[in-house]
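Protein sequence lines, in the order shown, are assigned to chains A and B. Heads up: the first sequence runs through residues 26 to 140, numbered per the working numbering. Heads up: the second sequence runs through residues -8 to 105, numbered per the working numbering.
Rather than coming from a laboratory, the hints here were simulated on the basis of the structure. A hint or two may mislead.
[Stated by the list, open to error] Using C-beta positions, here's what the derived DEER-type ranges look like:
1. A/L51 with B/T51: 28 to 36 Å
2. B/T102 with A/K80: 37 to 45 Å
3. B/P31 with A/L140: 25 to 33 Å
[To be verified] Some, not all, of what chain A presents toward chain B, calculated at C-beta under 7 Å:
4. V36
5. T57
6. S68
7. W122
8. G124
9. Y126
10. P133
[Claimed, not checked] Computed list of chain A residues with no C-beta within reach of chain B, every gap over 10 Å:
11. S43
12. V87
13. L140
Computed from a prediction, not measured in an experiment: that's the story for all the values here. Glycine is no exception: its CB is placed at the ideal position from the N, C-alpha and C atoms.
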Amino acid sequence: GAVVSQHPSRVICKSGTSVKIECRSLDFQATTMFWYRQFPKQSLMLMATSNEGSKATYEQGVEKDKFLINHASLTLSTLTVTSAHPEDSSFYICRLWGGNYNEQFFGPGTRLTVL
Amino acid sequence: AQTVTQSQPEMSVQEAETVTLSCTYDTSENNYYLFWYKQPPSRQMILVIRQEAYKQQNATENRFSVNFQKAAKSFSLKISDSQLGDTAMYFCAFTFQGAQKLVFGQGTRLTINP
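Next comes chain B alone, as it looks inside the complex (with noise of 0.2 Å):
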């Protein structure tokens, strides 16, 4: 069975600052999709980064970047130059080639402070 694993419950940092949010998983399959969704007070879940297992290259959209380490079973995302929006819940989701269920981890609850 697949798991997804959040060990920061909340997290909290100052604007502008960098912070890392982590997420490490566990499966036997080869051919996986592994994303960040963010879900802000509204409770819409919105797709921040999504990595193809097959890829060696970390996925990078604007100021969020993860660290996948295959190896490791590990998907950490980082958030560059941080803002009072990026406020909100984070989640890590596992998908496989193939499947079509999600894989959530329990989530980061992100504060930025200005």
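Isolated chain A (complex conformation) (with noise of 0.2 Å):
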């Protein structure tokens, strides 16, 4: 399978502060990324999808301009989470899909804690 990577692991940041987390891929090309958040003892919860090039698809509920996804090429996206609040606390994971034979792999996920 392939290498996937998030960064930071995990975070913890103060009240208002902005918060970038990546989602990179050593040896796959996403066409379609996911990005992901799980609640405690939840199942994971689709935030947006990207293509790289283009701007994302976020689910309903989503606000965009809290959470701005950047899928800067077939490797590399970016969830940055603006302004956060304790609410925003949760657990991101990043889904990969694309390949030859559309293959999909997770990233380890972000633990956020915002205080």
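Now that you have both chains on their own, put them together as the hints suggest.
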């Protein structure tokens, strides 16, 4: 399988600050990247879908101005949580889709804690 | 719209026992794929098994096998000879031909007791 990393793996920030989370693939070119949010003991909730070089498509109820997604290349996508608040504390996971055989791989996740 | 339902929020069995996790789904699509993912305490999503809807034969991966009942829209996961390392959240997921989105069930928290 592909090697997918997320950076940082854990971040603690103060309320009102912005946090950038990177999702990077070393050896897999992702046509599409997905960002999920997972609250404790809950399922993964899709936030947005992005294709390289295009604007992200956000799910209903997800604020696009708050969760900025940049899919800069086939191997890198970033999620920026702007003006973070305690209710944004969650586990954020990226998923990559693409390749010759429509494969998919998950990143290891980033735990965000907003104080 | 596609939906995936896991009706067992939690399950617990003894080591070496066999356990079956339930999953039902709803779709009008004909060509689709079903998955079971494991999420251990590390939170990394790990693909356990995958089933193509057009295949009648149930998928098997070592101790993991599925019972795919297409007419009933049921896709259960059987874990044989359960091990302590099988303790995790298990998610059933669905996607259809040409789609990229995964629809997840609510998850089942499985605990294997020594």
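The hints, checked one at a time:
no.	hint	result
1	A/L51 with B/T51: 28 to 36 Å	holds, 31 Å
2	B/T102 with A/K80: 37 to 45 Å	holds, 43 Å
3	B/P31 with A/L140: 25 to 33 Å	holds, 27 Å
4	V36	violated, 14 Å
5	T57	holds, 5 Å
6	S68	holds, 5 Å
7	W122	holds, 5 Å
8	G124	violated, 12 Å
9	Y126	violated, 12 Å
10	P133	holds, 5 Å
11	S43	holds, 23 Å
12	V87	holds, 14 Å
13	L140	holds, 21 Å
Hints 4, 8, 9 from the list above are not met by this structure, while the remaining hints are.
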